[in-house]
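S.K.: Residue numbers (UniProt numbering), protein chains in the order written: chain A, 1 to 402; chain B, 1 to 307.
Bear in mind the hints are in silico, worked out from the structure with no lab data behind them. Be careful, since some hints might not be right.
Capping the alpha-carbon separation at 20 Å, the derived lysine to any residue pairs in SDA-like fashion look like this [unchecked claim]:
#, chain 1, residue 1, chain 2, residue 2
1, B, Lys-128, A, Ser-20
2, B, Lys-128, A, Pro-19
3, B, Lys-54, B, Thr-15
The following residues of chain B were derived to be distant from chain A, with all beta-carbon distances above 10 Å [to be verified]:
#, residue
4, Leu-88
5, Trp-115
6, Asp-216
7, Thr-260
Which chain B residues stay away from chain A? Per the calculated CB distances, all over 10 Å, these [unchecked claim]:
#, residue
8, Val-17
9, Gly-27
10, Met-136
11, Lys-171
12, Pro-246
13, Leu-270
14, Phe-281
Idealized CB from N, CA, C, for every residue including glycine.
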Amino acid sequence: MQRTFLVARHEFLRHVLRPSFLITTLLFPLILGAVMLFMRANATTSPDELAAFTGKPLGYVDDAGVFTLPVPASLTAQVQALSDVASGVEAIQAGALQGFYHFPEDYLQGGTVVWVSEDVTGPQGQALIATLLQASLLADHPELVTQLGRPLALQLPTEDGQAELATAMAAERGMLTFVLPYAFAMVLYITIFSAASFLLQSVTEEKENRTIELVLTTIRPLALLTGKVLGLGLLGFVQVSIWLAAGMLLLKTSTGALEQAGLAVPWTAVVLALVYYLLGYLVYGSLLAGVGATVTHMREGSQLVAVLIIPCIVPLWFMTAIIDQPDSLLARGLSFFPMTAPVTMMIRVPLTTIPLWEIMLSVSVLLASAIACLWVAARLFRAGTLLAGQRLDARAIVKSLG
Amino acid sequence: MDPLVIDKIAKSFATQVAVREVSFRVGPGEIFALLGPNGAGKTTTIRMALDIFKPDRGTIALFGQAPGLDALDRIGYLPEERGLYRNLNLLDCLIYLAGLKGVRTSEARRRLTLWLERFDLATHTQKKINDLSRGMQQKAQFIAALIHEPDLLIVDEPFAALDPVNTRLIKEVLREFAAQGRTVIMSTHQMHLVEELAERMVMINRGEVVLYGTVDEVRRQFAANAVLLDGHGPLAALPGVLSVEPLGDTGTLLLHLDETTAPREIFQALAAQPAYTVDRFAVALPSLDEIFVRVVEGTHLAEEVMA
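Starting from the given sequences, assemble the full structure and let the hints guide the process.
M.R.: Rendered as structure tokens:
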């Protein structure tokens, strides 16, 4: 037992101090943060946010005569009707305008609109302009205009508009329902596989560098493997914790209004993520360790690993279906199959309240498979270890399990 | 209690028989040589003794008990296929390996200071294993094999990749080791080192024991009826000598005797020749090298005849 911990400690320290591990672990949240910042800066879907961001209004030059209605009073701060192109250019140069859309005379025939701006970020506020245009074109059907205008009006930031804000949150919650499961699934997927492949690497490394022969005279294969699984599992645990913490922090700072709107950061999801990480890692880690035991070189192992990854990807394939109906038979089924359970559960957890029995069942299945996998891996390890140079064929594998 | 007793073990792998039947015993405090050509089954035998493989048949006793971790902790092992953790530095690597043998870190550090000094590795402790020369790596592994002060040291090709200085160093350590009442099992192809170091030996060929006993016995067993003679003066004919063959330009003569004549009788006959002065008289024992080649080739020959 003492030596199992020694192995665990050794494996953990050896990998945690590797520059590649430190870089991956710390760089990932940084990149994620940068991406989110970039996306926010370039979001074109919500014009109010954009106008707030740049502080400059947009304009349009209507040579086609399609804007029959004036800009609503509530939007004049953001959109201005311009008399001609020259005045628009002037306004841009004066810094009073972010840019403008030029609707040429043949717009209704050709459908071409020109965006004029000094900015390099491309057309801004397209949705806003499109809505205004629609309103004008549908001037004869006021009820349709109201219908079209509603989502836009509801997203307006007003001094006292609590009602509007709540609706805006609902829209954002809609985005979160996609982002959260996706983020959890990816974090889990990446950590499970990075830790599991560290395990594969560690097992094949000792075979490749021949240390294994010496090591096996000091410790039982099962104890050695358990030590490796523990050490590298802890490594992944540190990684997943850092990523989750960073993700939570990012979510909090970037969407400060979240908690105001009553959408609490899903701590249960975080706890479950850690539990499912551990179990998922144990299953995949032992499977990969088994692979490591049967192959001579890392190269051979990588091919087999590619096959093992497929079941883990399955939930990602069905992601949209699972997100749409997190309680469907498909989603539940995948939650009870050990190789798909961790990622599936992580997609479902932020979306729905999963009954306790489902969680218990899926955790038990995972735990049982993890132990079984570890046992098999240790048996294979024994048989496979020193046959380096001699391929371990199917018969030898079956024999060693008997 | 004998450190190692091997009784009629056999082991086959999928396509080949590695060990057909091997038995031998290694006594306490001796340096024992395990010999045989490549692929004879030496390494497989060692691995079975170390409980890395289970034999298909036969029994192995380590210090009087079945192989297990308790017994294995009393054994040090230098495998033929060398290996250390390449990305670790020398000191960390050795401390880890010592830890796996149950030596605490502080104790390991203390012992390592002495050994690394003695093996001229003290200035390289912070270097990565990968950056050490082959000879240094081998010395490091040798240290790893004895850092826990084992009662039985099994070394497979301990002299490979070593220069004469380091070879001498390893020989010294092995002798010291045996002098402390500990046991050494040594597998090597360097026969002159076996003659120099080992008291007893076993030779395995094609998975079977072909020679077993003390090194002297084995050599005598293979001695042709001949004597080596150095001296000066006129040498008269001697009774029972079939032929006299000069060995190169050394001045040494090889005297082939007939079957009924013993070397002692020749010595007496020489003493009776006052004109001839004897500088050296020795029974012509073949070197282990010669025996090795004869045994291995003899087996081939026998097989060809059978075929």
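S.K.: If a hint holds in the structure, say so; if it doesn't, say that too.
M.R.: Outcome of the hint check:
1. Restraint check for Lys-128(B) and Ser-20(A): the C-alpha separation of about 18 Å stays at or below 20 Å, so the hint holds.
2. Taking the CA atoms of Lys-128(B) and Pro-19(A), the gap is near 16 Å; set against the 20 Å cutoff, the hint holds.
3. Restraint check for Lys-54(B) and Thr-15(B): satisfied, since their Cα atoms lie roughly 17 Å apart, inside the 20 Å limit.
4. Listed as a non-interface residue, Leu-88(B) fails to keep its Cβ farther than 10 Å from every Cβ of chain A; the least gap is roughly 7 Å.
5. Listed as outside the interface, Trp-115(B) is consistent with that label: its C-beta sits roughly 16 Å from the nearest C-beta of chain A, beyond the 10 Å cut-off.
6. With a minimum CB-CB distance of about 32 Å to chain A, Asp-216(B) clears the 10 Å threshold, and the non-interface call stands.
7. Every CB of chain A lies more than 10 Å from the CB of Thr-260(B), the least distance being 54 Å, so the non-interface label holds.
8. At roughly 14 Å, the least C-beta separation between Val-17(B) and chain A is larger than 10 Å, which holds for a residue marked as non-interface.
9. Distance check for Gly-27(B) against chain A: the nearest CB is about 22 Å away, which clears 10 Å, and the non-interface claim stands.
10. Every CB of chain A lies more than 10 Å from the CB of Met-136(B), the least distance being 16 Å, so the non-interface label holds.
11. For Lys-171(B), the requirement that its beta carbon stay farther than 10 Å from each beta carbon of chain A is met, with the minimum near 22 Å.
12. For Pro-246(B), the non-interface assignment is confirmed: its Cβ lies about 49 Å from the closest Cβ of chain A, beyond the 10 Å cut-off.
13. Listed as outside the interface, Leu-270(B) is consistent with that label: its C-beta sits roughly 55 Å from the nearest C-beta of chain A, beyond the 10 Å cut-off.
14. Against chain A, the non-interface label of Phe-281(B) holds: every CB pair exceeds 10 Å, the least being about 48 Å.
Against the hints set out earlier in the document, a violation occurs for number 4 only.
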